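There are 2 protein chains.
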Amino acid sequence: MARKKNAFYAQSGGVTAVINASACGVIETARAQSDRIGKVYAGRNGIIGALTEDLIDTGRESDATIALLRSTPAGAFGSARFKLKSLEANKREYERLIEVFKAHNIGYFFYNGGGDSADTCYKVSQLSQAMGYPIQAIHVPKTVDNDLPITDCCPGFGSVAKYVAVSALEASFDVRSMAKTSTKVFVLEVMGRHAGWIAAAGGLVQDHGIPVVVLFPEIEFDEARFLARVDELVKAHGYCTVVVSEGCHYPDGRFLAEQGTRDAFGHAQLGGAAPVVADMIKRAHGHKFHWAVADYLQRAARHIASKTDVKQAYELGKAAVQLALKGHNAVMPTIERVSDSPYKYKIGTAPLSEVANVEKFMPRDFITEDGFGITPACRRYLLPLIQGEDYPKYQDGMPVYATLKNVAVAKKLPAFELK
Amino acid sequence: MARKKNAFYAQSGGVTAVINASACGVIETARAQSDRIGKVYAGRNGIIGALTEDLIDTGRESDATIALLRSTPAGAFGSARFKLKSLEANKREYERLIEVFKAHNIGYFFYNGGGDSADTCYKVSQLSQAMGYPIQAIHVPKTVDNDLPITDCCPGFGSVAKYVAVSALEASFDVRSMAKTSTKVFVLEVMGRHAGWIAAAGGLVQDHGIPVVVLFPEIEFDEARFLARVDELVKAHGYCTVVVSEGCHYPDGRFLAEQGTRDAFGHAQLGGAAPVVADMIKRAHGHKFHWAVADYLQRAARHIASKTDVKQAYELGKAAVQLALKGHNAVMPTIERVSDSPYKYKIGTAPLSEVANVEKFMPRDFITEDGFGITPACRRYLLPLIQGEDYPKYQDGMPVYATLKNVAVAKKLPAFELK
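Protein chains in written order, with this note's numbering: chain A, 2 to 420; chain B, 2 to 420.
Honestly, I wouldn't trust all of these hints.
As the list makes no split between identical chains, a pair holds if one copy fits it or if it spans any two.
Below, a list of computed lysine-lysine pairs in the DSS-like style, where the Cα atoms sit at most 25 Å apart [claimed, not checked]:
| no. | residue 1 | residue 2 |
| --- | --- | --- |
| 1 | 394 | 308 |
| 2 | 394 | 312 |
| 3 | 181 | 312 |
| 4 | 289 | 84 |
| 5 | 308 | 361 |
| 6 | 327 | 86 |
| 7 | 92 | 181 |
| 8 | 394 | 412 |
| 9 | 236 | 181 |
| 10 | 92 | 283 |
| 11 | 420 | 283 |
| 12 | 236 | 406 |
| 13 | 394 | 236 |
| 14 | 394 | 345 |
| 15 | 181 | 406 |
| 16 | 181 | 412 |
| 17 | 103 | 92 |
| 18 | 181 | 84 |
Simulated from the structure, these hints should not be mistaken for laboratory data.
What you are looking at is a predicted structure, and each value in this text was computed from that prediction instead of being measured.
Could you put the whole structure together from the sequences, leaning on the hints where they help?
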């Protein structure tokens with residue numbers, strides 16, 4: 002029988018409130034299978050850790066610390082925005098990966114990320130066939146954007162949805178209190194570069210009696226209709242709340258606000274749609290406004306994470322290890338919804354060839370005909386994902402979050418320069 | 002024995018996560034003293050409700066609903082930004098108040114607000130002497146800004162401090178994860194027009210290993226020194242967090258960002274310091290950034306309220322009623338700190354003449370010598386105030402917050418036009 006293989010785990014792309022819960026699922030499951038899996042090495046800063054042989058020995062962390070990852074936000078091993086080029090375009094990187102995997106006897110590759118990362122994982126999965134190195138690459142889904150295909154939802158999304166729904170409700174109560182003499186419109190900007198899932202969660206406040214307008218990236222922004230709708234709500238209710246996705250754009254593709262910089266994947270770095278929208282309303286109708294940009298607060302908000310989301314994040318990490326042990330390669334465990342109410346789901350599997358670089362947008366029938374709200378179908382989809390609270394422990398008034406030792410594994414290879 | 006008097010309660014100025022807990026304290030205590038206090042009428046939208054005889058009969062709300070106020074953010078009866086002019090400048094308004102109080106047999110005036118509102122409450126308290134109408138006016142302190150004098154802290158502050166400390170910690174974990182290839186600086190803008198108490202709470206993340214720079218309104222902004230400090234931290238730690246108060250300003254008094262509008266009190270309406278600071282860092286050092294503006298989210302965040310704060314908010318509402326029944330007028334119940342650790346306090350009393358229009362700033366010895374952080378003395382002050390969690394109940398994934406019926410009391414007087 003072959004010497005048992007070690008596993009490599011890494012976190013990629015924008016982090017979430019529950020990506021460490023997936024890490025916890027991977028590591029705890031691997032530890033429980035120590036007769037079949039050797040060490041779990043984590044990549045320091047995603048795939049960069051593999052390329053530079055900067056591996057973290059997770060075995061140096063106690064069971065208690067690994068368990069604490071379940072309630073710790075962000076990426077405990079460091080994440081990276083770094084996309085592997087194709088095998089043809091950059092064979093050097095793939096050869097290096099194989100060298101590192103060989104040097105550390107790595108046979109399992111667990112990559113925890115979104116759509117761009119699924120592409121990286123898919124490319125690694127092809128090393129077996131293309132370059133003759135036996136590796137099983139399993140993608141663990143993660144993205145607050147909820148835009149991966151096939152899986153019903155993505156770990157990270159349920160928690161950001163809960164944060165946005167709760168925050169929008171609380172701020173709406175605030176503006177409702179102030180509207181008589183002061184603020185009449187509150188604008189909350191949320192994430193979602195291309196898909197409006199997060200913004201949709203803001204639409205849930207309507208069930209709590211709040212007049213709300215949601216601006217989705219899927220719906221081209223129509224300033225005149227938007228301003229008319231806001232004014233109509235302010236006249237009827239005395240106030241209104243606007244939830245605007247950072248990805249909201251004009252018909253010509255121009256974002257409501259663009260900072261002009263681009264990230265490593267070539268995506269425009271967004272931010273600042275809220276003040277633009279608020280100012281627009283002020284100019285048109287004179288309504289006093291307040292605006293907030295949640296930015297990282299929303300995706301890091303482990304303190305108000307969805308219990309359902311935390312559970313699924315853990316389960317998908319666990320499922321990834323189980324798939325590997327069953328001999329799978331180039332797949333991603335998924336959430337398959339069985340029923341909305343009572344909410345039931347099972348863990349499924351999707352081939353990475355069908356996941357990489359595919360974005361899932363809000364279906365048109367999840368958005369009201371006027372484009373400014375969510376439909377009952379969307380509510381049925383969203384509500385199960387925000388169910389339950391999963392509070393971290395607190396000490397001295399603050400949540401107890403894990404900071405790992407992240408002890409490096411001794412290097413065996415010459416240095417490698419990232420290009 | 003005189004016919005027992007009714008009470009008037011109103012909420013004023015910017016609302017908080019726990020102002021309704023004070024309302025709960027007032028109403029529950031008055032209900033328990035129904036042999037001495039008649040009805041509790043709430044002003045719809047603060048003092049405006051009194052002037053326009055728009056009174057809410059809180060007796061129409063069940064005990065369970067009133068109890069739910071304790072865990073409901075914002076102002077359940079509507080707040081107002083409306084400052085009474087002096088008796089000499091606007092006798093008409095004071096005469097109207099007396100008419101309304103007489104018409105509804107109101108002998109107790111409970112006003113729940115900050116510094117500007119204490120001024121209103123003080124003016125009402127003078128009606129007894131100046132205009133011969135017997136009224137007992139008690140101010141219930143409330144302000145996220147924590148800038149009232151005499152009282153050790155103000156209800157609303159502990160919860161916003163907890164929100165800011167927790168959010169800054171979570172977002173700092175996020176930027177720490179991303180720093181290798183992406184964001185290196187995270188900027189969080191918080192409230193605090195003139196006093197840096199809220200920004201100071203962001204400084205608590207330093208105890209959790211986070212490199213943080215705090216920008217206070219009390220310290221004139223020095224761009225060169227600030228940029229050098231940020232770069233030093235990024236070089237040492239790979240990333241840093243900046244917490245900037247909306248009231249941070251240049252030596253000439255110019256705010257880092259000013260929207261150019263002013264509120265009813267003539268204060269500049271602020272917002273947008275975070276993007277200004279982030280852009281400044283980007284231009285100087287090229288560090289990729291993310292920024293958030295918490296705005297209403299911070300002061301409405303009942304979901305992460307401080308248990309200590311909720312308790313004190315309730316107790317001060319209760320104490321206000323007790324002071325009234327003891328015959329007091331023109332006073333405010335206060336928090337008197339007895340010890341930091343273990344945290345002990347008692348309820349004291351302050352004369353409104355010493356509270357109205359006085360702002361309490363951060364003492365210089367709460368801010369580090371370089372002006373960018375908080376001292377151990379500040380930590381000792383802050384930590385007791387964020388202790389304990391006081392979670393609302395949840396139903397179907399969302400917090401259960403009270404929306405009152407707010408049934409109007411029948412009017413007895415001709416209409417009154419606000420000028």
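Outcome of the hint check:
In the homo-oligomer, the alpha carbons of residue 394 and residue 308 lie at most 25 Å apart both inside one protomer (14 Å) and across protomers (15 Å), since each shortest distance falls under that limit. For the identical chains of this complex, residue 394 and residue 312 are neighbours both inside a copy (17 Å) and across copies (21 Å), given an alpha-carbon limit of 25 Å. Proximity of residue 181 to residue 312 under the C-alpha cut-off of 25 Å is found in neither arrangement, the shortest distances being 43 Å within a copy and 29 Å between copies. When the C-alpha separation of residue 289 and residue 84 is checked against a cutoff of 25 Å, the pair qualifies only between copies, where the shortest distance is 18 Å, while the shortest distance within a copy is 44 Å.
Proximity of residue 308 and residue 361 under a CA criterion of 25 Å is satisfied intra-copy only: 24 Å inside one chain copy versus 41 Å between copies. When the C-alpha separation of residue 327 and residue 86 is checked against a cutoff of 25 Å, the pair qualifies neither within a copy, at 29 Å, nor between copies, at 78 Å. Taking the closest pair of Cα atoms, residue 92 and residue 181 come within 25 Å of each other only across two copies (23 Å); inside a single copy the shortest separation is 65 Å, beyond that limit. For the identical chains of this complex, residue 394 and residue 412 are neighbours neither inside a copy (36 Å) nor across copies (51 Å), given an alpha-carbon limit of 25 Å.
Taking the shortest alpha-carbon separations for residue 236 and residue 181, only the intra-copy value of 12 Å comes in at or below 25 Å, while the best inter-copy value is 49 Å. Taking identical chains as interchangeable, the C-alpha atoms of residue 92 and residue 283 are never at most 25 Å apart, the minima being 55 Å within one chain and 34 Å between chains. Proximity of residue 420 to residue 283 under the C-alpha cut-off of 25 Å is restricted to the inter-copy arrangement: shortest distance 23 Å between copies versus 48 Å within a copy. When the C-alpha separation of residue 236 and residue 406 is checked against a cutoff of 25 Å, the pair qualifies only between copies, where the shortest distance is 20 Å, while the shortest distance within a copy is 56 Å.
In the homo-oligomer, the alpha carbons of residue 394 and residue 236 never lie at most 25 Å apart, since the shortest distance is 44 Å inside one protomer and 32 Å across protomers. In this homomeric assembly, residue 394 and residue 345 come within 25 Å of each other (Cα to Cα) only across copies, at 24 Å, whereas the closest approach inside a single copy is 28 Å. Only between protomers do residue 181 and residue 406 lie at most 25 Å apart by alpha-carbon distance; the minimum there is 17 Å, versus 53 Å within a single protomer. For a Cα distance limit of 25 Å, the shortest separation of residue 181 from residue 412 across copies, 20 Å, qualifies, whereas the shortest one inside one copy, 66 Å, does not.
In this assembly of identical chains, the alpha carbons of residue 103 and residue 92 lie at most 25 Å apart only when taken from the same copy (17 Å versus 88 Å across copies). Taking identical chains as interchangeable, the C-alpha atoms of residue 181 and residue 84 lie at most 25 Å apart only when they sit on different chains, with a minimum of 14 Å there against 51 Å within one chain.
Hint compliance for this structure: hints 3, 6, 8, 10 and 13 are not met, and every other hint is.
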